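Q: These are the residues of each chain, in order.
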Amino acid sequence: MNNAMRTMSAEAATVERYRGAVADSRFKRLWNANAPGYLFLLPWLLGFFGLTLGPALMSLYLSFTDFDMLRSPGWVGAANYVRIATADPKFASAMSVTLTYVMLAVPFKLAFALMVALALNRGIQGLPIYRAIFYLPSLLGASVAIAVLWRQLFAGDGLVNAALAQFGIQGPSWISHPNYSIYTLVALSVWQFGSPMIIFLAGLRQIPQDMYEAASLDGASKFRQFYKITLPLLTPVIFFNAVVQTIDAFKAFTPAFIISGGTGGPINSTLFYTLYLYQEAFGNFRMGYASALAWILVIIIAIFTAFSFLSSRYWVHYDD
Amino acid sequence: MTLRVSRRNFMAGGATLLSLSAFGSGAFAQDKRLRLLWWGSQPRADRTNKVSELYKAKNPGTSITGEFLGWGDYWPRLATQVAGKNAPDVIQMDYRYIVEYAHRGALAPLDSYMPSKLNLSDFDKAQIEGGSVDGHLYGVSLGANSAATMLNTTAFEEAGIDLPSKTTTWEEFGRMAAELTKAGKRKGLFGMADGSGGEPLFENYLRQRGKALYTADAKVGFGVEEASEWFDMWNKFRESGACVPPDIQALDKNDIETNTLTLGKSAAGFAHSNQFVAYQQMNKDKLTLANHMRVTKDSKGGHYRKPSMFFSVSSQSKVVDQAVDYVNFFVTNPEAALALGVERGIPESAAMREVVAAKLDAVGKVPLEYVSGLGDLAGKLPPPPPAGAGEGELTLRNISEQVGFGQLTAADGAKQLVDELTRILARG
Chain A
1 MNNAMRTMSA EAATVERYRG AVADSRFKRL WNANAPGYLF LLPWLLGFFG
51 LTLGPALMSL YLSFTDFDML RSPGWVGAAN YVRIATADPK FASAMSVTLT
101 YVMLAVPFKL AFALMVALAL NRGIQGLPIY RAIFYLPSLL GASVAIAVLW
151 RQLFAGDGLV NAALAQFGIQ GPSWISHPNY SIYTLVALSV WQFGSPMIIF
201 LAGLRQIPQD MYEAASLDGA SKFRQFYKIT LPLLTPVIFF NAVVQTIDAF
251 KAFTPAFIIS GGTGGPINST LFYTLYLYQE AFGNFRMGYA SALAWILVII
301 IAIFTAFSFL SSRYWVHYDD
Chain B
1 MTLRVSRRNF MAGGATLLSL SAFGSGAFAQ DKRLRLLWWG SQPRADRTNK
51 VSELYKAKNP GTSITGEFLG WGDYWPRLAT QVAGKNAPDV IQMDYRYIVE
101 YAHRGALAPL DSYMPSKLNL SDFDKAQIEG GSVDGHLYGV SLGANSAATM
151 LNTTAFEEAG IDLPSKTTTW EEFGRMAAEL TKAGKRKGLF GMADGSGGEP
201 LFENYLRQRG KALYTADAKV GFGVEEASEW FDMWNKFRES GACVPPDIQA
251 LDKNDIETNT LTLGKSAAGF AHSNQFVAYQ QMNKDKLTLA NHMRVTKDSK
301 GGHYRKPSMF FSVSSQSKVV DQAVDYVNFF VTNPEAALAL GVERGIPESA
351 AMREVVAAKL DAVGKVPLEY VSGLGDLAGK LPPPPPAGAG EGELTLRNIS
401 EQVGFGQLTA ADGAKQLVDE LTRILARG
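Sequence lines, in order, name chains A and B.
Just so we're aligned, residue 1 is where the first sequence starts under the UniProt record's numbering, counting upward by one.
Just so we're aligned, residue 1 is where the second sequence starts under the UniProt record's numbering, counting upward by one.
Think of the hints as simulated: they come from the structure by calculation, not from any bench.
Heads up, a few of these hints could be off.
Said to hold, decoys possible - If the Cβ cut is set under 8 Å, some of the chain A residues that face chain B in the computed set are:
hint: 1; residue: D68
hint: 2; residue: M69
hint: 3; residue: Q152
hint: 4; residue: G158
hint: 5; residue: G171
hint: 6; residue: P172
hint: 7; residue: S176
hint: 8; residue: H177
hint: 9; residue: G261
hint: 10; residue: G262
hint: 11; residue: G265
hint: 12; residue: G283
hint: 13; residue: N284
To be verified - Label pairs and their computed distance ranges (CB to CB):
hint: 14; chain 1: A; residue 1: I300; chain 2: B; residue 2: N59; range: 35 to 41 Å
hint: 15; chain 1: B; residue 1: L381; chain 2: A; residue 2: A79; range: 57 to 63 Å
hint: 16; chain 1: A; residue 1: I300; chain 2: B; residue 2: N49; range: 57 to 63 Å
hint: 17; chain 1: B; residue 1: N59; chain 2: A; residue 2: A35; range: 50 to 56 Å
hint: 18; chain 1: B; residue 1: T80; chain 2: A; residue 2: L127; range: 43 to 49 Å
hint: 19; chain 1: A; residue 1: P172; chain 2: B; residue 2: D419; range: 38 to 44 Å
hint: 20; chain 1: A; residue 1: N121; chain 2: B; residue 2: T80; range: 43 to 49 Å
hint: 21; chain 1: B; residue 1: G70; chain 2: A; residue 2: L310; range: 55 to 61 Å
hint: 22; chain 1: B; residue 1: E157; chain 2: A; residue 2: I300; range: 40 to 46 Å
hint: 23; chain 1: A; residue 1: W191; chain 2: B; residue 2: G188; range: 26 to 32 Å
hint: 24; chain 1: B; residue 1: G105; chain 2: A; residue 2: A79; range: 56 to 62 Å
hint: 25; chain 1: A; residue 1: I124; chain 2: B; residue 2: K50; range: 55 to 61 Å
hint: 26; chain 1: A; residue 1: L99; chain 2: B; residue 2: K284; range: 30 to 36 Å
The structure presented is a predicted model; accordingly, all values stated were derived computationally and were not measured.
Backbone N, C-alpha and C define an ideal beta-carbon position, used for all residues, glycine too.
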């Protein structure tokens with residue numbers, strides 16, 4: 001009995017060892033095959049876990065605390081979220097400013113980008129130069145310098161009003177009047193149409209020319225060709241641009257920060273969501289609350305994106 | 001092939017040597033390295049760096065790295081560094097934030113260093129207390145200042161209007177400013193800035209009426225009545241053209257560069273006396289300082305001498321002794337005092353005040369004479385602002401804009417101001 005058991009367990013051990021060896025060698029083989037890949041991915045992996053996922057999880061934890069940046073965080077449960085939902089009029093005001101901005105800036109920007117892309121697609125001479133020039137504002141776009149320039153352009157005695165004065169119109173101080181300030185920021189965003197324009201341009205190049213030839217043989221007008229061929233075949237690109245630009249618009253920060261001097265004024269008219277979040281975190285020492293605000297923004301962007309994807313099956317046509 | 005290998009070896013060896021030497025020098029300098037952080041503009045940085053040079057000359061082997069930012073960027077940076085356990089050793093601190101930082105344990109109490117290492121014996125007592133929280137000293141005042149009205153004397157002269165006197169009331173000044181606007185000697189020049197959203201100005205007005213912005217036990221120190229009359233007064237100024245319209249005032253980002261006085265939009269602006277030197281540097285016209293206007297002819301002055309800013313020492317600092325020594329040098333060394341002048345306010349040490357006064361130029365004398373000449377216009381220093389005061393300042397500005405743009409009546413604005421401040425203070 002004892003012997004038999006010992007034999008059995010010895011056998012089992014051998015089997016185990018064998019299995020282990022197989023697993024070992026399989027792992028080793030996998031590793032040998034993929035090691036260079038992982039090595040090349042390492043910088044990205046480090047970046048992703050160290051700089052994106054780690055801080056994100058940390059902020060999720062902090063959103064349930066009263067962290068004030070100086071003392072260690074104390075757990076407060078859902079209190080921050082409750083305050084956002086029930087007792088924070090500034091949240092509502094920042095949200096409405098941001099939604100207004102998204103609803104205006106994204107469609108106008110896309111329409112403008114498409115117009116320019118169509119114009120550039122005609123095969124003019126020196127196209128690369130034009131492309132570069134039109135793309136330039138996007139490169140500079142998020143920068144402080146451009147926001148400062150915008151401040152100068154739209155100030156009461158700025159260039160825009162000087163131009164209007166030529167027609168006898170006395171313009172207001174666009175950036176410092178609560179009725180207009182948000183529109184100057186929308187205009188700034190539309191002006192940075194470069195990156196969706198480049199993508200539209202690439203999309204336009206994908207549309208087979210013979211379709212237009214066939215259509216014009218059938219007597220379709222340019223306008224009709226645009227509606228029946230260009231737009232439907234471009235919908236995947238429009239969809240992509242819309243999603244990317246919407247997310248970008250939700251996260252807009254720099255222009256509002258510079259133009260209002262960080263106050264979101266006048267009268268909260270440029271109090272973007274991210275600006276309010278920043279004020280709470282760094283101005284009022286409420287990092288925990290700001291983290292909760294950040295997660296609400298994540299959820300809102302996720303909802304918008306999910307909605308875009310769900311609706312896409314009704315209006316996005318893939319070429320198949 | 002051999003060549004490549006050897007070159008690689010050489011490179012690797014060199015890199016190792018380099019990193020080792022960097023490590024070595026870092027470790028070597030560690031015990032004598034001081035880090036400073038302050039807010040302000042370039043002239044202040046030049047003066048501060050000069051003091052650091054003087055200190056290094058007297059204390060060989062010390063290295064000092066100083067960094068400076070604008071007011072708005074300063075506080076996020078400081079909070080982040082403190083949270084990251086990477087706070088600078090010497091921190092420029094403001095009266096508004098000292099309680100928050102001290103309560104949260106970010107600052108080192110300095111009492112034990114007095115008087116042997118930190119000698120503040122000839123300081124104005126009230127100013128030392130200004131840097132104390134719960135009976136401990138957390139900040140050494142770098143100078144005294146007071147809220148002030150900045151006047152463009154050239155613009156007043158051109159319009160043929162006398163400068164306000166020490167007893168000019170708001171009502172009289174409103175008429176003078178409206179007249180100056182009407183004189184129209186310069187295009188787009190108004191009599192004064194719209195000060196309705198300026199917290200120090202509003203506080204001065206409240207103090208003249210025997211009230212306060214905040215009480216010592218962190219409550220709102222005024223009622224709807226005072227705020228309503230305040231907004232009402234500014235509505236009248238706007239109507240008569242005495243002050244700039246609200247969309248011009250909204251350009252003011254609460255710094256010297258964007259004040260309507262600097263922008264040439266108004267002949268009078270509201271600021272602090274220690275900013276005078278910088279204001280004058282940015283303005284071709286001759287400027288001067290005056291006290292804030294009186295509510296009535298016989299009302300008491302609402303001014304007070306305020307520590308313009310402090311130097312605090314971080315509780316995380318590994319070289320607290322050295323940091324305290326530097327701060328002591330900063331406020332008690334005559335050479336340092338000469339380098340600093342009155343840019344951070346009037347020196348608190350009586351001896352340093354004499355040193356500085358003897359060498360001041362005409363522009364530097366203006367704030368010195370203004371602060372020392374306040375007389376009975378200056379009252380007691382109010383208690384440090386409670387937690388949430390920073391938010392309160394933005395709230396006053398926001399509501400004053402709503403009244404200015406006509407979205408709220410003066411009475412509704414006043415009610416909303418008191419309500420919101422009460423809510424902010426309750427949250428802390």
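Q: Mind listing which of the numbered hints don't hold for this structure, in increasing order?
A: As far as the earlier hints go, 3, 4, 5, 14, 15, 16, 19, 21, 22, 24 and 26 are violated by this structure, in ascending order.
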